[in-house]
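**Student:** Protein chains in written order, with this note's numbering: chain L, 7 to 162; chain G, 6 to 88.
Read the hints as simulated data drawn from the structure, not as lab findings.
Even glycine gets a Cβ: it sits at the ideal position worked out from N, Cα and C.
Treat the hints with care, as some may be off.
Said to hold, decoys possible - Computed from the model, here is a short list of chain L residues facing chain G with C-beta under 10 Å:
1. Phe16
2. Val18
3. Ile32
4. Leu61
5. Thr68
6. Arg102
7. Val104
8. Leu127
9. Lys130
10. Pro132
11. Ala148
12. Asp152
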Amino acid sequence: MTVRVQESDFDVGAELDRLTRDNKRIGGLAVFVGLVRELHVREGYHRDRIDALTLEHYPGMTEAALEEIEAEARRRWPLEATLIVHRYGRMEPGDRIVLVAVGSPHREAAFEACEFLVDWLKTKAPFWKLEDTPKGEKWVGAHAEDDQAAARWEKK
Amino acid sequence: MKIRYFAWMKRTVGVAEEEVVPPAEVTTVGELVAWLRQKSGGHAEALAEGAAFGAAVDKRTVPFDAKLAGAHEVAFFPPFTGG
């Protein structure tokens, strides 16, 4: 029920505690935390080390897109609690980028909806990653695997 | 209307946003793209035919045949890479 886009880091434990504290109907909470990876595989084999990642986004549209994705998850699964926190700005390897948490009476819905939210936010929310590497700056390209992961949730 | 560019498109065009007044015959997002291409070499490169980019009208993703009628803000951006 909550979507936040912020520059600052978040405290996973505190976020989850706040999300579930007053809702005793939640039996399962599925959580995804995305982190900045130090090594990026390119063209399937070559690896580049990154020094930092800068996330740009489209203020206003980002929040609206995340809220739409969240609403779609709630239409598809019986959810008691949802939380999406996505950061923007400069981050270094090991830093947290995104938190997605989904609470439901049962674990199946929580797991599925969490995966759905992550897949869709990667392809439907306006964020762009700029990598700072020893060879210079590089915009991250879209991955076909991400499109495929998102497409499997499209209604037939 | 206000035009906004994001990520590498912003750097290629050279500005993050600009105010434009397209002629009356520009009625769709696709026609706007063709018209903007003529503004500069950077515009032509960023908005080149076949380049992978998407568009939003008033902060909602739209296809290129979407009408511009009443649009306040049109944005162009590369595929999203968040998460």
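**Student:** With reference to the structure, classify each hint as holding or not holding.
**Tutor:** Verification of the supplied hints:
For L:Phe16, the interface hint is violated, since its Cβ never comes within 10 Å of a Cβ in chain G; the closest pair sits about 15 Å apart. The interface hint given for L:Val18 is broken, as the beta carbon of that residue sits about 16 Å from the closest beta carbon of chain G, more than 10 Å. Taking 10 Å as the C-beta cut-off, the interface hint given for L:Ile32 is violated, the closest approach to chain G being about 24 Å. Against a cut-off of 10 Å between C-beta atoms, the interface hint on L:Leu61 holds, since the closest Cβ of chain G lies about 7 Å away.
Evaluation of the L:Thr68 hint against chain G yields a held restraint, the C-beta minimum of about 8 Å falling below 10 Å. For L:Arg102, the interface hint is violated, the least distance from its beta-carbon to any beta-carbon of chain G being 12 Å, above 10 Å. Below 10 Å, beta-carbon pairs count as interface contacts, and L:Val104 has one with chain G at about 6 Å; its hint therefore holds. For L:Leu127, the interface hint holds, since its Cβ comes within 10 Å of a Cβ in chain G; the closest pair sits about 5 Å apart.
Contact between L:Lys130 and chain G, as hinted, is supported at the beta carbon level, the nearest pair being about 7 Å apart and thus within 10 Å. Because the smallest distance between the Cβ of L:Pro132 and any Cβ of chain G comes to about 6 Å, under 10 Å, the interface hint for this residue holds. Interface hint status for L:Ala148: upheld, as the beta-carbon distance to the closest one in chain G is roughly 3 Å, under 10 Å. Contact between L:Asp152 and chain G, as hinted, is supported at the beta carbon level, the nearest pair being about 8 Å apart and thus within 10 Å.
Hints 1, 2, 3 and 6 from the list above are not met by this structure, while the remaining hints are.
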